[in-house]
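Turn these sequences into a full structure, and let the hints guide you.
6 protein chains.
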Amino acid sequence: MFFHEPELQYEVTVEEPDPHFAKLLQQAIGGQEGEMRVAMQYMFQAWALPEEYEGYRKLLMETATEELGHIEMLATAVTKNLRGSSKQMSEDAENVASTAAAMTGQNPRQFLSAGQSAMPVDSNGVPFTGGYVVASGNLAGDLYANVMAEGTGRTLATRLWEYTDDPGMKDMLSYLIARDTMHQNQWLAALDSLEDPLPVPASFPQEEENQDVNYAFMSTRRGQQPDPEAPWTQGTAPDGTGEFSYLAEQPGDGDGVPPAPDPSTYSVPEDE
Amino acid sequence: MFFHEPELQYEVTVEEPDPHFAKLLQQAIGGQEGEMRVAMQYMFQAWALPEEYEGYRKLLMETATEELGHIEMLATAVTKNLRGSSKQMSEDAENVASTAAAMTGQNPRQFLSAGQSAMPVDSNGVPFTGGYVVASGNLAGDLYANVMAEGTGRTLATRLWEYTDDPGMKDMLSYLIARDTMHQNQWLAALDSLEDPLPVPASFPQEEENQDVNYAFMSTRRGQQPDPEAPWTQGTAPDGTGEFSYLAEQPGDGDGVPPAPDPSTYSVPEDE
Amino acid sequence: MFFHEPELQYEVTVEEPDPHFAKLLQQAIGGQEGEMRVAMQYMFQAWALPEEYEGYRKLLMETATEELGHIEMLATAVTKNLRGSSKQMSEDAENVASTAAAMTGQNPRQFLSAGQSAMPVDSNGVPFTGGYVVASGNLAGDLYANVMAEGTGRTLATRLWEYTDDPGMKDMLSYLIARDTMHQNQWLAALDSLEDPLPVPASFPQEEENQDVNYAFMSTRRGQQPDPEAPWTQGTAPDGTGEFSYLAEQPGDGDGVPPAPDPSTYSVPEDE
Amino acid sequence: MFFHEPELQYEVTVEEPDPHFAKLLQQAIGGQEGEMRVAMQYMFQAWALPEEYEGYRKLLMETATEELGHIEMLATAVTKNLRGSSKQMSEDAENVASTAAAMTGQNPRQFLSAGQSAMPVDSNGVPFTGGYVVASGNLAGDLYANVMAEGTGRTLATRLWEYTDDPGMKDMLSYLIARDTMHQNQWLAALDSLEDPLPVPASFPQEEENQDVNYAFMSTRRGQQPDPEAPWTQGTAPDGTGEFSYLAEQPGDGDGVPPAPDPSTYSVPEDE
Amino acid sequence: MFFHEPELQYEVTVEEPDPHFAKLLQQAIGGQEGEMRVAMQYMFQAWALPEEYEGYRKLLMETATEELGHIEMLATAVTKNLRGSSKQMSEDAENVASTAAAMTGQNPRQFLSAGQSAMPVDSNGVPFTGGYVVASGNLAGDLYANVMAEGTGRTLATRLWEYTDDPGMKDMLSYLIARDTMHQNQWLAALDSLEDPLPVPASFPQEEENQDVNYAFMSTRRGQQPDPEAPWTQGTAPDGTGEFSYLAEQPGDGDGVPPAPDPSTYSVPEDE
Amino acid sequence: MFFHEPELQYEVTVEEPDPHFAKLLQQAIGGQEGEMRVAMQYMFQAWALPEEYEGYRKLLMETATEELGHIEMLATAVTKNLRGSSKQMSEDAENVASTAAAMTGQNPRQFLSAGQSAMPVDSNGVPFTGGYVVASGNLAGDLYANVMAEGTGRTLATRLWEYTDDPGMKDMLSYLIARDTMHQNQWLAALDSLEDPLPVPASFPQEEENQDVNYAFMSTRRGQQPDPEAPWTQGTAPDGTGEFSYLAEQPGDGDGVPPAPDPSTYSVPEDE
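Here the protein sequences come in this chain order: A, B, C, D, E and F. Quick note: the first sequence uses our numbering, first residue 1, plus one each step. Quick note: the second sequence uses our numbering, first residue 1, plus one each step. Quick note: the third sequence uses our numbering, first residue 1, plus one each step. Quick note: the fourth sequence uses our numbering, first residue 1, plus one each step. Quick note: the fifth sequence uses our numbering, first residue 1, plus one each step. Quick note: the sixth sequence uses our numbering, first residue 1, plus one each step.
In case anyone wonders, no lab produced these hints; they're calculated from the structure. Because the structure is a prediction, the values reported are computed rather than measured. Yeah, the Cβ is synthetic: ideal placement off N, Cα and C, and Gly gets one too. You can trust all of the hints, since none of them are fake.
Selected chain B positions facing chain A (in silico; Cβ < 8 Å):
| hint | residue |
| --- | --- |
| 1 | Glu5 |
| 2 | Glu11 |
| 3 | Thr79 |
| 4 | Arg154 |
| 5 | Thr158 |
| 6 | Tyr175 |
| 7 | Ala178 |
| 8 | Arg179 |
| 9 | Phe217 |
| 10 | Met218 |
| 11 | Gln250 |
| 12 | Pro251 |
| 13 | Pro259 |
| 14 | Thr265 |
Below, the structure written as structure tokens:
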């Protein structure tokens, strides 16, 4: 179960409110790389783990809880950027057109739907979706999903950092970037603590997979190309089990033409 | 530009058509872990790479092209499972109720919308969405996204393999599982070929991030807990730059209460 | 069955067309608080009601029909704001950059997809979704959903009213705001006409619910806090059945660790 | 900021695992009436409130935090219903068809995507969306949204309660139904504590709305009907400000035909 | 503006209620081929048409209005199939497992969310989306969209007709299939009444398009294939303006490698 | 199976990069009228066709393959417009506000999520969805869907052409407009090659449809109107089978009131 204190995890100040930046910050709340995604992702991953993975379950759950606090920080940042700005819609508008123009350059729903506050949407106003959450039940697969989530999340935060000059916003983002550094590293450390997790899922009996193509790079160029002698066409594969090879052409077999559908589907295009 | 031959990349046969399995296979076409996702993901990643990453651009584009062929194989598998089965809706039904009952246990849209064929949807009938695609412009971040996609994709394929007894389907899945083994390995090999890609994005000046919390595991338990002395609370972090430490408590700072919204939002709840 | 007359329910004039305002108006058509939602919501609610609720069924259906006319008024307002304006894209552009810039400040799809007309989307261009519609089959629950829909819809309309100076638009919004006043009131009057509708659903035997926590405010603060002596921690509850009380701490029971998943899910992360 | 303890808020036991019920429970997690919605809704509402609404801000935030714990309880219930059942897919299947048939009667993604665990989706497998969240910035409007959310949520829980015989599940649902009773009552008590919140938003100057139709029930029947003398056509309106009246016909004004679109839209359908 | 009468456009009776068929019928309400789509599509198309297309505007609006009545008929059919059936969940269940199994074979939300009634979703429970609506502002393009909508809609209705034995349902579907016949024909007649509508948009100056490839079928096979001498590689094109020709190979030009992104995007994958 | 060459199908150059135009171009990639839609649509249609439609299967598959190359051209155009422009965010900004304002006028995710490159979304940033794809299994229905897709797609391309002055972009769009001309014509030629495809699906026994209303235009005006004597109220219908007639009024039959729902749904709104 969860608890909450009114204090933020880290201070959020805005020197010069900027409703445009409030729109950009939404990506870090409800976007594909945002904090709602990682909070939900780590929770659902944790809830799937049985007793023997207790340490990982705690790791996931504690970080999920921290991410909830990051949503809170970012929502605060959005609201502080929307309110009290001299660039606000109603104050600097000389006529209807310029008002609406200013507003549409922002996220109009932050005003129209939310009264100048944050929303569970991304920087284009597209709602957060549970479809972003990856929780496969296989811990190694999930940890790679988490490395990716923190990597793209940190990239997002650095891009936001680059485009604000506000000292308060820079400071908050510097904190969130640091936490993403930690979280990337902790998921990688957790992966390192597993024995032979590759290829995911490692528990599948590898002899059941097709042995002709499981370590072969297959060229899909129109004509045959020479082996590029790249790290993915020769040498031992990272899973330590196979040797990379090179296939200059896709095998090809069968033409895939299906049987006719049932007459009851009325798929025959012509009058009979 | 693209080319196509009528031959499949690998043969697809179905001994005993099973419309229920046709529903499950949709997850591998239009699902979060499906082939539409990786085909689109690798393409958009490739199209973002400038000249200096030419080798990676080719790697991504050739594999994207292969994945298009996997969508084709799976669509063929779906159609062959839907057509000509003795378990088909219209043939084994004695009355309306049992017909409809059988159908609703399947994916009804494969019949109603598609005339017994495959669709760009997942195993619950939810349409494929571009929101599944991760293409950040940062190659290291993208490669981790690809390791994850192939890891969860291979897990999906093994689960499908486990639940079919059809020799043709087992054979096709054994082929796809093998390709996922290769693809996981090739993305990891590509990651290994980069110099110091961590933390993603590695080009951000790390001195700009908050130095107090960038390698600290932060407990979010209600009361202070002792250091679990886990691989993520001590030792050198996987990025080789920092040393893990342990914080028994979140820092906490400020209460996040925002300024009042503009009167023009009519957010005051009472008549004044 | 439905009928239609070419006349609008209320006149829609635009003195000074403004394509930016046309973007904002979309929220009132296809947004979460928009007219498509209430039209569909009231219809589906009505169609679920059996004979004994005939009066409510008529009430819902007549208002649903009115809301269809409001979509029509708003679509007219959008089109009139998009066409013939001196602020239009093609006329005031000096070069390609300023044209495109002006356009992207608007909703580009109103031009690109719809030829300067209205669309079933919100002010960020996100399509209307059936997921906004609430029709539970329980009349009391549905009437509260309707009070909410009209309350947030009226709030939206007042915000649009605040940000336009066009007399025609102000007049149309003044009419729609008035209708929302009526509709809020009529749903509340309908709620008042029910006997003991609380708690929704009132027909559930209340003795079957857990009697320890059904009127207790439960604090989720980290440490125990004193009873705030608020209207929700003491006194008789609005449903007239229970007395509010205060729990300074969540009960807490069991740790939720699940059994291990089936081996056929290949969730074991390591090679065995 | 948030904290978490491994204990559940209330015990979750399952006597007889049932993967079908695990599908139904998803509605209470990621559905329109589910706990993800209320948790997010109460948070975003709280984060928008300025200092003068501190008491309401705390009320919302504490309840949001409790709802996070309800997601956790339900996810635990889902996983316990999916694992270890004699009705599980792999164990009771005699052949591929019956296996897949059993699976498709369940939510296939709980197996294929999540390894027998819970997901952020509804009972049809449709992902949770931020579009369910209502947070208007106007406290009265938001409180009505919360009454509705708890009313439809409680209705959902009673329907789930009705369709399970498992004593553990009945007990958990009895607890959640009780909490929904409390939450409905607390939002109504909070509404009662406001002075003149109607019509929402009450701070809009009511003289600005059209005075002819703001308390008139408008019939949309094809022919004129007599006043039904219903509680919404006569008497004082619930907001205490107006008197209901009856209009037997919609006013009607103007035909809404728009100007022609710009030639640059190429909307002219014929070759000129 | 709209009007409504309580009478249905055509009688809806159900002899033997069947909750499974109620799930299938949802496709005709909220699906891609459903009545919500055409009702909204014809309305938005009509609202975009200026005065000179008054006849078409009326045609579209009158048919849109009829489609609203079809939603009503189908919603009635759904509810009548869900209620009072001996196959209903609560009555024929001997234990929890078989109850839930029966329910999950149906659309669980029709029970859980809607109390045995219709919803604005498709046969997989996916909500209706405004993204289905096509209204381009170009009348010829829109009329082809309408022919398609009625063609796929009629196909859906025939498949539903095929799979029910209920005389009432067969009769209702026979009526709806007939209306789809009329509507297909009326849109084709409207297309025929236009002068030279091809290629859509016909008002674009055709000399501005690339003259080398505007009537050439371009083979995308890997190797050059002979001209198939098909109706689309030779003869006069249906628009009456060009002559079909055959290109055995795609032209091909340039490699599409983009410039490097701005350093502020931190897209460089390595530490520098 | 598919193949790919690094060459583009047609050259893509940008003289003056314009990040605003990059936003508009997204509609042609991931929008309702975009190239992702047609590529996927033609593929899924092709994969459903049995042997007797081999010529159509090839036609569909070859064009699908070409469309993949159009996505590639457009993605290249987007990236070239985003990178190296003097109008780019970071270079021409004097302070944070103007930077963010410039960015929000663009698609912020092209920068924040994709590092100045293309995405599988439309011009409002809404992700591509499989819900746009129409593949009914009935070839005639599908060919009309394709005529529509190319018609609305060509309309989109002409609108983009109208709003750019960049010679490179005009040239690329001139090429794509030409291909859309060809594709519209080829689908119409394919329709012409079918015998009696109307009404879709033509294989349904037309005597089973209601014979009273299958060629009657039904007025939905409030009062009876005279026959407009339009091409859709008189004369032979385009399918060559029926004669149009005119009904001045909808038939009307039955009131659609459903039976009461099961008590286990707790739909009774009052305490009993």
